[in-house]
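Chains as they are written, first to last, in the UniProt record's numbering: chain A, 1 to 662; chain B, 1 to 662.
Because the hints were derived from the structure by calculation, they are not lab data.
Nothing here was measured: the structure is a model prediction, and the numbers come from that model.
Do not rely on the hints blindly, as some may be mistaken.
The list makes no distinction among identical chains, and a pair is therefore deemed to hold if it is satisfied within one copy or across any two copies.
[Stated by the list, open to error] Straight-line Cα separation of at most 30 Å, DSBU-like style, residue types lysine-lysine; simulated pairs: (1) Lys-216 to Lys-485; (2) Lys-251 to Lys-44; (3) Lys-264 to Lys-318; (4) Lys-216 to Lys-379; (5) Lys-251 to Lys-318; (6) Lys-177 to Lys-602; (7) Lys-324 to Lys-602; (8) Lys-324 to Lys-575; (9) Lys-504 to Lys-251; (10) Lys-602 to Lys-318; (11) Lys-504 to Lys-324; (12) Lys-44 to Lys-479; (13) Lys-251 to Lys-216; (14) Lys-602 to Lys-216.
2 protein chains.
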Amino acid sequence: MEISSFLTSFGSYLAIFVVLMLLFIWLSGRPGNEVVYYPSRVVKGLDPHEGGGASEDEVIAMAGVDAAVYLVFLGTALGILVLSGLVLLPVLLPVARTDNNLALSKNITFNDLDKLSMGNIKEKSPRLWGFLLATYWVSFVTFYVLWRAYSHVSNLRATAKASSEVKPQDVALLTRKEQVDDYFRNLHPDTFYRSMVITDNTQANKIWEELEGYRKKLVRAEVVFSGSKTATGFLGLVGKKVDTINFCNEKIKELEPKLEAEQKVTLREKQQNAAVVVFNSMSAAVAATQTLHAQLVDTWTVSEAPEPRQLLWYNLPKRFFERKVRSLIVYVIVFLAVVFYMVPITFISAFTTLANLKNVLEAYLPQIALIVFMALLPKFLLFLSRAEGIASESHVVRAASGKFFYFIIFNVFLGVTIGSTLFASFKEIEKKPNSIVPLLGSSLPKSATFFLTFVALKFFVGYGLELSRVIPLIIYRLKRRFLCKTEGEIKQAWAPGALGYATKVPNDMLIVTIVLCYSVIAPLIIPFGVLYFGLGWLVFRNQALKVYIPEYESYGRMWPHIHTRMIAALIIYQKFVYAPFMLPLPVLSFAFAFICNARFYKAFDRVPLEVAASHKAKQTPNLEALFSAYIPPCLNSGDKFDDADQFEDARSQPASRTTSFA
Amino acid sequence: MEISSFLTSFGSYLAIFVVLMLLFIWLSGRPGNEVVYYPSRVVKGLDPHEGGGASEDEVIAMAGVDAAVYLVFLGTALGILVLSGLVLLPVLLPVARTDNNLALSKNITFNDLDKLSMGNIKEKSPRLWGFLLATYWVSFVTFYVLWRAYSHVSNLRATAKASSEVKPQDVALLTRKEQVDDYFRNLHPDTFYRSMVITDNTQANKIWEELEGYRKKLVRAEVVFSGSKTATGFLGLVGKKVDTINFCNEKIKELEPKLEAEQKVTLREKQQNAAVVVFNSMSAAVAATQTLHAQLVDTWTVSEAPEPRQLLWYNLPKRFFERKVRSLIVYVIVFLAVVFYMVPITFISAFTTLANLKNVLEAYLPQIALIVFMALLPKFLLFLSRAEGIASESHVVRAASGKFFYFIIFNVFLGVTIGSTLFASFKEIEKKPNSIVPLLGSSLPKSATFFLTFVALKFFVGYGLELSRVIPLIIYRLKRRFLCKTEGEIKQAWAPGALGYATKVPNDMLIVTIVLCYSVIAPLIIPFGVLYFGLGWLVFRNQALKVYIPEYESYGRMWPHIHTRMIAALIIYQKFVYAPFMLPLPVLSFAFAFICNARFYKAFDRVPLEVAASHKAKQTPNLEALFSAYIPPCLNSGDKFDDADQFEDARSQPASRTTSFA
C-alpha cells in the first residue's frame, strides 16, 4: 500500500470524525433530543445535563459493574500501550530509521512508513537486540497492568455483591429433577424455603403473547380514537377504530379464561425435569450450590441460578449429557465455520496487494469488507451458544463472545497476515518453495500498514458514530413521526438497549492483538492503539453514564475471559516476533496466567462464603417476593397469583422451620 | 528367545510355585504360626481357622473398602481377559496357525509359539480382518466390564460411607490461616464447633520419642530382670539390668517435666498458619469443605480433612503456591527420572536378544533384573510425593502410585518393546534407515514371548511367596528367638502391616497393559493373564481376610485412577495394533472415559451431601472425642489433656450454640 492511499484514508476518517463530533455537540444540546442522548438518566428520573466528572462508583451506580469492568478493560489496554509506547517509540524508531536494509533491495518500492519498522533493519544486525529487549519490556508491562486490573476487578465484584441488597438469584439455585421438595428438605432441613418446578410453557406463552398483542392494539386504538374526537373530518377512520376497539375487547375477553385454563394445565401436567430452589439465606444458597448433592453426579446437578430476567426457561430441562453433546456439536460447527470463513477473508486480503486496483478502492474496500463481515457473525454465534443448552442469557453472551474472539483472531488477524504475505510472494514461492518462512517475516511490516488504516477506521468512524448517535436519532425521529401513537410506543422507540459486550469485547481484543503484535515490528502503530483505547474509554464512559441501560448484571463475570485473552494475545505476540531468546517469555506468560487463575478465578465462578455472609447482618429478605420473581410472565398475568395455593402441584409451600424431615 | 528356554523358565517357576504351596499348607496348619498366617483375625480376637467362604461384605468388615476395591480391580481385569479369551483363543489361534508367513523368511529361526501369533499372517492377508475385529471385541468387553465395576465401586463407597459411624474426618476440614475462630464462627455461626491450630512439634516430638524409647527400654529390662530372678547363675547380668532400670527411671523422671514444658511452649508460641476445624455435623463439614470461602482463593483454602492417623502434620502449614511449585519441581524430577531410567532398562532388554548369552541366563536374568529394578523405585517415589506438600498419607500413596505407573509403562513396557525391537534389527536398520516402523511390527511377537515369561514369573513365584509368607515367617522366628523380650516386641515382630496398594496396583496395571497389548497379536498370552488375575484374586482375598491390617481407609478413592489407567492401557493397545480401521476405537475410549468421569468421579473427590445427610438420623456424635483424635501423640501424653483449658491459646472452646456472632 502506498503512503498516499494511507494518508487519503486517514484524512477522510479524521474528517468524518470531526463532522460527527460537531453533530454530537449541536444535536445533544437541542431540546427534545434528551431521550436519545441521555436515555439512561431520563429513565432514572435524573436531570439529563448534570453529573459530569464521574467516578467509578458513579458508573457502577448508573450502569452496573459490567459497564465499569468494560471501562477497566479499555483502561488496561490503554495503560499497556502507553507504558509500552513511552519506551518503544523514542528507542526503536531512531534505531530503525538510521539503518537502511530496505534501500538495498531495489526491485520493490517501499514507502516511508516501512522505513520506520523492523523491516529496515539489516539481517543479523546488533540493532535487533533493541527489538528483542523491547519485547521483554512490553511483556512485563502487560503482566504488571493485568495483575493490577484483575485485583481491582475482583475487589469491585466482591464489594458490589456484598453491598447490594439480596436479589432472587442470591438465594436460589437451579437443579434437575422432579419432586425436588422431599430431597432438598431432607438435605437442607434448616435452610430450604421453597421450590418451583419448571413447566413447558410453550402453549401458555403463545396465548399470553396473543393476549398482550390485543391489549397493545386496544391501547393504541383508544389513543387514536380519543385524538380523532377532538379533530374533525376523519369520520371513516373513527368508525374503523371503534370496530378495532370492540374487536380487541372481544378477543381479550375470549383469551383471558383460555390463558387461565392453560396456566392450570401447564402447572399441573406439563412439569419438566428441572426446578428453581429457593433457600432462606444467601449463605445457605451459596453453600448448597457449591456442594455435590448426589453420588451419581449426572442424576442430580445443582448450579447457580441466574437473575430471573436472564433465565433461559426452555434450556433448563435439558439433561447433563444432552448439554455436553450439544456443546460438542456446536464446537464442531464453530470449528468448521472458522475454517470455512478463512476462504473469503483470504480473498479480500489478497486485494490489498493487487497493484491493478485503483488507489481509492485500495484505501477503503478491504477495511469495509472486514467490518461488514464481522457485523454478520454475532447473531449466528448467539444462536449457536443458546443451542448449547446454557441456562442463562449472560452466560450465552459470554460463550458467543468467546467464539467471536476465536473467529476474529484466526480469520481476520492470522488470515490477513498470512494470506497477504502468501499472495504477495506467491511468485517468489513458486520459484523456491522452501522460502515461505523468511518471506513471511519480511512482508509482515507491509500488512502492518493495512492494520494501521483498519484501526484508524475503527476509532474515527466507529466512535464518531457511537458518540453522535446519528443513526438511533434518525430512527427515533422517523418512528415518532410515522409510527408511534401511544406513550409506550414512543418509549420503545428511544429505548437505548444495552451496551452489547458480546461484540464489543472481541473487536477490542482484535485491536489489542494487532497493536501488541506490531508494537515492536512497527512501533508507529502504538499511538493509533493509544488513540483507539483513549477515545474508546472517553466515549464509553459517557455512553455508560448517559445512554445504555444494562439488561442484566453479571458483576464482571466476563473479566477472567478478557484476562485470559489478553494473555493469549501476548503469547501470539511473543511467538510473532520469534527468536530463540524469546523462549522464556511464553513460559512466563503461561506461569502468569496460571497464578492469576489460581488466585482470582474461582471467586468469579462461584460466590465466596465470606461475600455471601456479609449480607447476614442486614434485614431478613422478603423470601416470597424473591421467589415470585422467577414466575414467568405468561404464568403470572394479573393478580391471580396472590393466592398461590391452587398451584401447589408445581410449587411447594414454604418449609415450616419447626418440622423435621430427617 | 528359544522355545526351550521358555519351557525351562516356565517349568521351574511352576516347580517353585508347587513347593511354596505345599509349604503354605503345611506351615499354616502348625500351631504357633497363627500370628503369621492369620494375624488380622488374631488382632480382632477371632478364631483363626474359621471364616471360609467370604462375601464382599466380609472383606469390607475385615479389611475395609480399599481391600474390597483392590479385589474388584483384580476381578475386573480377570473379567476382561476371560471374556476376551473366550472369543479370541478359538478364533485367532487357528487363523494364525494355518497361515505360513514365517516359513517364507528362511534366514531367521522361529519357534512354535511365534507361529500362533499375528507374525505368521501374510502381509495384506484377508485373515488380518479377524485380528481387527478381535480388537473391537476386546475394546467393547473392556468398556462393559469397566462400567459395571465403576458403578459397583461407587455404590460400595457410598454405602460404606453412609453406614459407618461418624469419624473424626467426617466432621472436620483443613484450612490455612491463623486465628481461624472468628472467621469460621462468622461464616458458620450455627455449625462451627471448635478449631485446632497446627503447631511446630519438632522439638516436642523429639523429647516425646526419647521418652518413649526409655519407657520401652524400662519394660524390657524389667521383663529380663523378673525372668532372671527365677533362673540362677546370671548374677552379673542381673546387676547390669538393675542399673538399666534405675537409669531409665531417672531419665523418664527427667524428661517428663521437660516434655510438659515444651508442650506448653509449642501450643503457645509455635502456632503455624494452618488449622483443623471441626463442625457439629457431617453435612455441615461437607458443605463447608466444598464451598469457596475467600474472594482471593489462595488466602483461605479449605480442604477435606484426612483421618487423624494419616495426617501429615508437617505438610499442613505449606502455602498454596508453595505446594504448586513443589509439585512442579517433583514432576520435572519424575520426568527426568523416567527418561534417565530408560537407559539401563534398554540395556537389560537388549540382553534378551543377544545370542551369545547362555540359555539359562537368558531365561532368568532379564526378568529378575526387571523385578529388582521395580522394587527399588517405590520408596523414592513416596519420598517425592511427600515432598509435594500433600497433607494426607493415603493421598501421598495414590500420588506415588501414579508416578510408578508412568515409570512402569514408559520404561518397562515401552522400553522393553521398543528397545528389544531396535536392538534386534539394528543391523537391518543400518542398511535401510527408513524401515524401523515395519520392523517394529514384525518383531513385536518376539518380545511377546519375553513378556509371557515375565508374567509367569510374577504369578508363580510372586504369588507363591505372597501366600506361603515364607520370608515373614523366617523373620518372625529369628526375631522371636534372638531379639524379642516383651509382649509388645513379639507383637511387633509378627505385625503384618498393610497390603501396600502403592506398588501392587501399578505392577498389576503393567500386566493388564502387556496382556491387552499382546492379546490380539499373540493370543496365547491371554491364559497367562487369566492365571495371573485369577490366582491373584484368590491369594489376595485370603490375605485381605486373614493377614493384612489396613493402615487407613480411603473408601476406594484409588478407583478413579485405576479406571483411567485401564482406559489408558486400552488406548495404548488400540494404538499398538495400528491400522486405519482402528481410528474410531481411541475416540470411543476417550468418550467412554469422559462419560464415566462425568458420572462417577466427583463423588470420589468429594462427599455428596446425600451420603453425608444419611448420617443425620443416628445419634449425635461425641464431638469432643472426634476433636481429640487430631491431637498428635507428642502433645497428648498421659491424661493431662483432659483439662484442656490450659491450652486455650491454640485450641478454641466449643462454640455455644445460643450465642450469635453475626
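request  = Compare the structure with the hints numbered earlier in the document and write down the numbers of the violated ones, lowest to highest.
outcome  = 2, 5, 9 and 14
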